[in-house]
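Asker: Everything in the sequence shown is counted per the numbering used here, starting at 27 for the first residue and increasing by one.
Simulated from the structure, these hints should not be mistaken for lab results. All values reported here derive from a predicted model rather than from experimental measurement. Incorrect hints may have been included.
Cβ pair distances, simulated, as ranges [claimed, not checked]: (1) A273 <-> Y96: 16 to 24 Å; (2) G124 <-> L297: 44 to 52 Å; (3) S99 <-> R301: 53 to 61 Å; (4) I34 <-> L98: 36 to 44 Å; (5) L119 <-> V238: 46 to 54 Å; (6) S99 <-> I169: 33 to 41 Å; (7) E309 <-> F173: 26 to 34 Å; (8) S252 <-> L119: 55 to 63 Å; (9) K65 <-> V233: 14 to 22 Å; (10) E142 <-> S190: 34 to 42 Å.
Simulated pairs of lysine-lysine, BS3-like, Cα-Cα distance not exceeding 30 Å [what the hints assert, rightly or not]: (11) K223 <-> K68; (12) K68 <-> K248; (13) K105 <-> K282; (14) K248 <-> K282; (15) K223 <-> K282; (16) K68 <-> K282; (17) K248 <-> K65.
Yeah, the Cβ is synthetic: ideal placement off N, Cα and C, and Gly gets one too.
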Amino acid sequence: MELLIALIALAAMEIVLGIDNIVFIAIVTSRLPADQQPKARKIGLFVAMLMRIALLFTLSLILQADEPFYDLSEIGFPKAEWIAEAEAQLAALPTEYGHETNQQRFRLTTWIHTIEEMAGVSWKDIILLAGGLFLIQSSVREIHEAFHGGSEHTSSGAVATFGSAIATITGMDIVFSIDSVITAVGMVEAEGEGYLKGLSVMIAAIVLAVGVMMVFAEPVSKFVASHPTLKMLALSFLILIGVMLVAEGIGTHFNKGYIYFAMAFAIAVELLNLRLRHSAESENPA
Numbered sequence: 027m028e029l030l031i032a033l034i035a036l037a038a039m040e041i042v043l044g045i046d047n048i049v050f051i052a053i054v055t056s057r058l059p060a061d062q063q064p065k066a067r068k069i070g071l072f073v074a075m076l077m078r079i080a081l082l083f084t085l086s087l088i089l090q091a092d093e094p095f096y097d098l099s100e101i102g103f104p105k106a107e108w109i110a111e112a113e114a115q116l117a118a119l120p121t122e123y124g125h126e127t128n129q130q131r132f133r134l135t136t137w138i139h140t141i142e143e144m145a146g147v148s149w150k151d152i153i154l155l156a157g158g159l160f161l162i163q164s165s166v167r168e169i170h171e172a173f174h175g176g177s178e179h180t181s182s183g184a185v186a187t188f189g190s191a192i193a194t195i196t197g198m199d200i201v202f203s204i205d206s207v208i209t210a211v212g213m214v215e216a217e218g219e220g221y222l223k224g225l226s227v228m229i230a231a232i233v234l235a236v237g238v239m240m241v242f243a244e245p246v247s248k249f250v251a252s253h254p255t256l257k258m259l260a261l262s263f264l265i266l267i268g269v270m271l272v273a274e275g276i277g278t279h280f281n282k283g284y285i286y287f288a289m290a291f292a293i294a295v296e297l298l299n300l301r302l303r304h305s306a307e308s309e310n311p312a
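Work out the full structure: start from the sequences and follow the hints.
Answerer: Given below as structure tokens:
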């Protein structure tokens, strides 16, 4: 029963964390001929599944990727000074507990942790930073092209071939996968006697989640492609996700729940607008 609950929780988490992946795949494959798009979407999600499973089999490397290999204080980052200042403020707080004191203590403790995160450079930071910058760049380019000729007039740098689309999707799959796998490892016991059980649960959850995403990827992609305003909204989401990845890459963490809620709210508003426009067109046909 415990394993079943873990499986359901992990699968749900993988689906939620895979939403940005589906949006990215929908945007990339929209540049392909219509007959190639379903195949590219399926291959993209299949590669994402293989990437996550492969990363699970290298748990030690993934966990090491989160460990800093370089400290920016060696090139002048004022880590020691900032931490000393924060610790001095922490020590000066009243010893008795109160709401305001607890808030100040929490803020200072969080700030010390953030300084340490910002100073330490890990491979995960580099991957997230590079992936975030790529996501921002590609999304801004797509928006620019939408205002200057549309998707039919692609620039030389745009995705135009099946191979380049798969390569682009695969590259971003690495970025989306590493955070997802680290989260999954943190949710399930994957050490000692529970290693094989934990690993099997995580693999089953990933396969289940990708299966669900494959079912919904095509209708989502078609819906986005047929509604230009939704495509613009999706590109804006990708910029937001790219900014979040860059922020995490430099050691500043966001509560992803707020971001996903904002995305869901924006989609709900846009769907209401689409419904309103459809009703207006039905009442006043051209």
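Asker: For each hint, tell me whether it holds in the structure or not.
Answerer: Taking the hints in turn, this is what the structure says about them:
At roughly 19 Å, the beta carbons of A273 and Y96 sit within the given window of 16 to 24 Å. Taken as a hint, the range 44 to 52 Å holds for the pair G124 and L297, whose Cβ atoms sit roughly 46 Å apart. Between S99 and R301, the C-beta spacing of about 55 Å keeps the proposed range 53 to 61 Å intact. I34 and L98 have their C-beta atoms about 41 Å apart, which keeps the hinted 36 to 44 Å range intact.
About 48 Å separates the C-beta atoms of L119 and V238, a value consistent with the hinted range of 46 to 54 Å. Here the CB-CB span from S99 to I169 is close to 38 Å, well matched to the stated 33 to 41 Å. A hinted range of 26 to 34 Å holds for the C-beta pair E309 and F173, which are about 30 Å apart. Range check, S252 to L119: Cβ separation about 57 Å, and the 55 to 63 Å hint holds.
For K65 and V233, the hinted distance range of 14 to 22 Å is satisfied, since their beta carbons lie about 20 Å from each other. A beta carbon spacing of about 40 Å between E142 and S190 agrees with the range 34 to 42 Å that was offered as a hint. The hinted pair formed by K223 and K68 meets the criterion: a straight-line CA distance of about 28 Å does not exceed 30 Å. For the hint pairing K68 with K248, the CA-to-CA distance comes to about 14 Å; that is within 30 Å, so the pair holds.
Between K105 and K282, the direct Cα distance comes to roughly 27 Å. Compliance with the 30 Å bound is thereby established for this hinted pair. This hinted pair checks out: K248 and K282 have alpha carbons roughly 26 Å apart, not beyond 30 Å. This hinted pair checks out: K223 and K282 have alpha carbons roughly 28 Å apart, not beyond 30 Å. Pair hint K68 plus K282 holds up; C-alpha atoms about 26 Å apart against a cutoff of 30 Å.
In summary, the hint linking K248 to K65 is supported, as the alpha carbons are separated by about 14 Å, within the 30 Å threshold.
Hint compliance for this structure: every hint is met.
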